[in-house]
Amino acid sequence: MIDRCFYQYFLVHRPTSHSSSSVVLREFNFRLHRPLQITTMGSVLAASSPSPAPPTPGGAAGPGLTVPPGFGMPPVSSIIPQTGDASGQQQETESSLPNPGAFDECHRKCKEVFPMQMEGVRLVVNKGLSNYFQVNHTVLLSSVGDSSYRFGATYVGSKQMGPAESFPVMVGDMDNSGSLNAQIIHQLANRIRSKVAFQTQQQKFVNWQADAEFKGDDFTATITLGNPDVLSGSGIVVTHYLQSITPALALGGELVYHRRPAEEGAVMSLVGRYTGSNYIATLTLGSAGAHASYYHKANDQLQVGVEFEASARMQDTSVSFGYQLDVPKANLQFKGSVDSNWIVGATLEKKLLPLPLSLVLCSFLNHRKNKFQCGFGVTIG
Amino acid sequence: MGSVLALSSTSGHQNWPFSTEPTPSRWDAHPAHWDSPPRWERRDGRLPNPGSFHSLHRSCKDVFPQQIEGVKMIVNKTLSSFFKVSHALHLSAVSPSYYRFHVEHLQSDDYSKDKDAPALIGEMDSSGSLNAHALLHLTERVRARTVFQTQQSQFVTWQFETEYRGNDFTAAVTVANPDVLKESVILVAHFLQSVTSGLVLGGELVYHRGRAEEGGILTLAGQYSRPNWVATLNAGKGGAHASYYHRANKQIQVGVEFEASTRTQETTTSFGYQMELPEANMVFRGMINSRCIIGGVLEKRLTPLPATLIMGAFVNHRGDKLQVGLGVNIG
Chain S
1 MIDRCFYQYF LVHRPTSHSS SSVVLREFNF RLHRPLQITT MGSVLAASSP
51 SPAPPTPGGA AGPGLTVPPG FGMPPVSSII PQTGDASGQQ QETESSLPNP
101 GAFDECHRKC KEVFPMQMEG VRLVVNKGLS NYFQVNHTVL LSSVGDSSYR
151 FGATYVGSKQ MGPAESFPVM VGDMDNSGSL NAQIIHQLAN RIRSKVAFQT
201 QQQKFVNWQA DAEFKGDDFT ATITLGNPDV LSGSGIVVTH YLQSITPALA
251 LGGELVYHRR PAEEGAVMSL VGRYTGSNYI ATLTLGSAGA HASYYHKAND
301 QLQVGVEFEA SARMQDTSVS FGYQLDVPKA NLQFKGSVDS NWIVGATLEK
351 KLLPLPLSLV LCSFLNHRKN KFQCGFGVTI G
Chain G
1 MGSVLALSST SGHQNWPFST EPTPSRWDAH PAHWDSPPRW ERRDGRLPNP
51 GSFHSLHRSC KDVFPQQIEG VKMIVNKTLS SFFKVSHALH LSAVSPSYYR
101 FHVEHLQSDD YSKDKDAPAL IGEMDSSGSL NAHALLHLTE RVRARTVFQT
151 QQSQFVTWQF ETEYRGNDFT AAVTVANPDV LKESVILVAH FLQSVTSGLV
201 LGGELVYHRG RAEEGGILTL AGQYSRPNWV ATLNAGKGGA HASYYHRANK
251 QIQVGVEFEA STRTQETTTS FGYQMELPEA NMVFRGMINS RCIIGGVLEK
301 RLTPLPATLI MGAFVNHRGD KLQVGLGVNI G
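Chain order of the listed sequences is S and G.
So in full-length UniProt numbering, spot 185 of the first sequence is number 185, and the numbers just go up one at a time.
So in full-length UniProt numbering, spot 272 of the second sequence is number 272, and the numbers just go up one at a time.
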């Protein structure tokens, strides 16, 4: 299993991550700190550290919320005030049921297996200025779009919640065209974590949201308020709830309510996740479509993922198969994927020891449209 | 220089980055089979043979990185000491992808790769374009070369060259695209003479004739070489081409090139360097241009595998374009 490192660990020890860091934001991975009662499941999931997901899970993108591509944000989770009796239930549930994790992380394990598409030349320089502060520069020379320079800074506070978690976490990212990406994540109380995020496209705000997540003993409840606009009376409220039924099974739901001056609506979807000894199967069903994913860890080196997505809005379905091959001796990680859209892609990531250098080669081929894209990147530090 | 360059077998500037002309279907890495070793390596008291006219600017051009785009995989297989085969698969975003099959048959296995070797070379594309070269040593001093190139089913080049290598001079005559029906032909005559041990002077006369017009262009060439550097100049009515090659040390080679063409009315200056790191099995070539093109290509041998990894990128700042290429050579 890939050792996803939290950023404080990242600052101090500077591992070169195998993470498929997005162009816009470095993915920040929280190692969920659970008290010692864990892992009767003995599953991969227990020790997994979920990484940030886009704030709008599949099918829940409301009409007012436009997330520019690549602007992924860490998961948002918050309290649900509506299910007041759920909090009462938690005293009756057995204490051996583990916390199911964040709602957005359900499909994460499978998605991480797939290669991330990149093109052009990318140079990333990470510099840790102190134990708390880290800075990164990204230069992207693109063959199809615009080239850009991006400057990012990360601050990790000193409120220690566990061996690998510290709060508050402040992440900011600025583009050469002035687009900003900013997040603040803070642990408000023992079980409540909150996040505030802003995104601008040059000078215009496209995304501003706040959320709060409550982690119970065996459930997680989250509420997110997205793009609230008092003046025009619009906004999006997303509530998530995920409950462990058995040590392996977790069920939950998501309710998205969006409102604009002219219309309002709600979308609901249900989620089920079953974790086996070396596999995780997840299913999301809703009025906006279905999303099923299966993740299988064959051995220490090979992980496989299969994903099925159906969208009612776009009226199409797609199936993807991906695999990840780790060769730690060669400091190599290879990800490949095949799609029902006739897209074949692969990514090769190699750490060039003893330099603190990491090389990424990537190429994607769309057979149906006869389009080809290749790129490589170097990460320093 | 326009018409001469079209005939030249060196692939220097036709494949120059971001050229608007379609890439001609000839192979990129022109083998230095039939050009003699660099002049400064031959010191036997007498004036050495100056080599062929095409290779005057070769040492400088070799320093510059080759344009690379998309993903290319080349598998070379040596079937015997006479016979070599290579498969090339190229996936590209800007030009059509192709598979190319390349065959080399050496007439004799006495020759090593970088000496003049009589050979038959053929290359076939997945679209049907053919590239065929035949180099024969008729006698010890006389060589003949035949080139056929087709673009799918249409012949674009068919030329015949005869070269005589004297003790200290080289004379060559080339007949290119002779067409009896259209009454057109291009005749090129080259002459190079070693004047001193470092100085070579010569000239090229191009006569072209079509149905409607005929003309001749005379170009004079001079090359001066020392153990560490070579300076070459071609000047004529068609333009000028000057190049300077310098070998700084075992690892670094530098080249500067200046080209001016009266036909296209433009000039270009390029600066390139090549850095070899044999301990790291790596060769890096970089280039910067007066057309605001910057490029670099890195080649690394992946020992112990018989594979070479090539990564390169070319940026045209003026047109704001980027070309990225990856390649793997196996065998």
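I should point out that these hints are in silico values taken from the structure, not numbers from a laboratory.
You may find that some hints are simply not true.
Once the Cα atoms are required to be at most 30 Å apart in a straight line, the calculated DSS-like pairs of lysine-lysine come out as [as the list claims (entries may be wrong)]:
#1 Lys321/G - Lys300/G
#2 Lys84/G - Lys351/S
#3 Lys111/S - Lys329/S
#4 Lys84/G - Lys321/G
#5 Lys300/G - Lys350/S
#6 Lys321/G - Lys350/S
#7 Lys111/S - Lys369/S
#8 Lys300/G - Lys127/S
#9 Lys371/S - Lys300/G
#10 Lys350/S - Lys77/G
Where chain G lies over chain S, by a calculated footprint (3+ residues, C-beta under 8 Å) [to be verified]:
#11 119–130
#12 271–283
#13 319–325
For every residue, glycine included, the Cβ atom is placed at its ideal position computed from N, Cα and C.
Hints, verified against the model:
no., hint, result
1, Lys321/G - Lys300/G, "25 Å, holds"
2, Lys84/G - Lys351/S, "35 Å, violated"
3, Lys111/S - Lys329/S, "25 Å, holds"
4, Lys84/G - Lys321/G, "37 Å, violated"
5, Lys300/G - Lys350/S, "14 Å, holds"
6, Lys321/G - Lys350/S, "27 Å, holds"
7, Lys111/S - Lys369/S, "24 Å, holds"
8, Lys300/G - Lys127/S, "28 Å, holds"
9, Lys371/S - Lys300/G, "28 Å, holds"
10, Lys350/S - Lys77/G, "28 Å, holds"
11, 119–130, "holds (count 3)"
12, 271–283, "violated (count 0)"
13, 319–325, "violated (count 0)"
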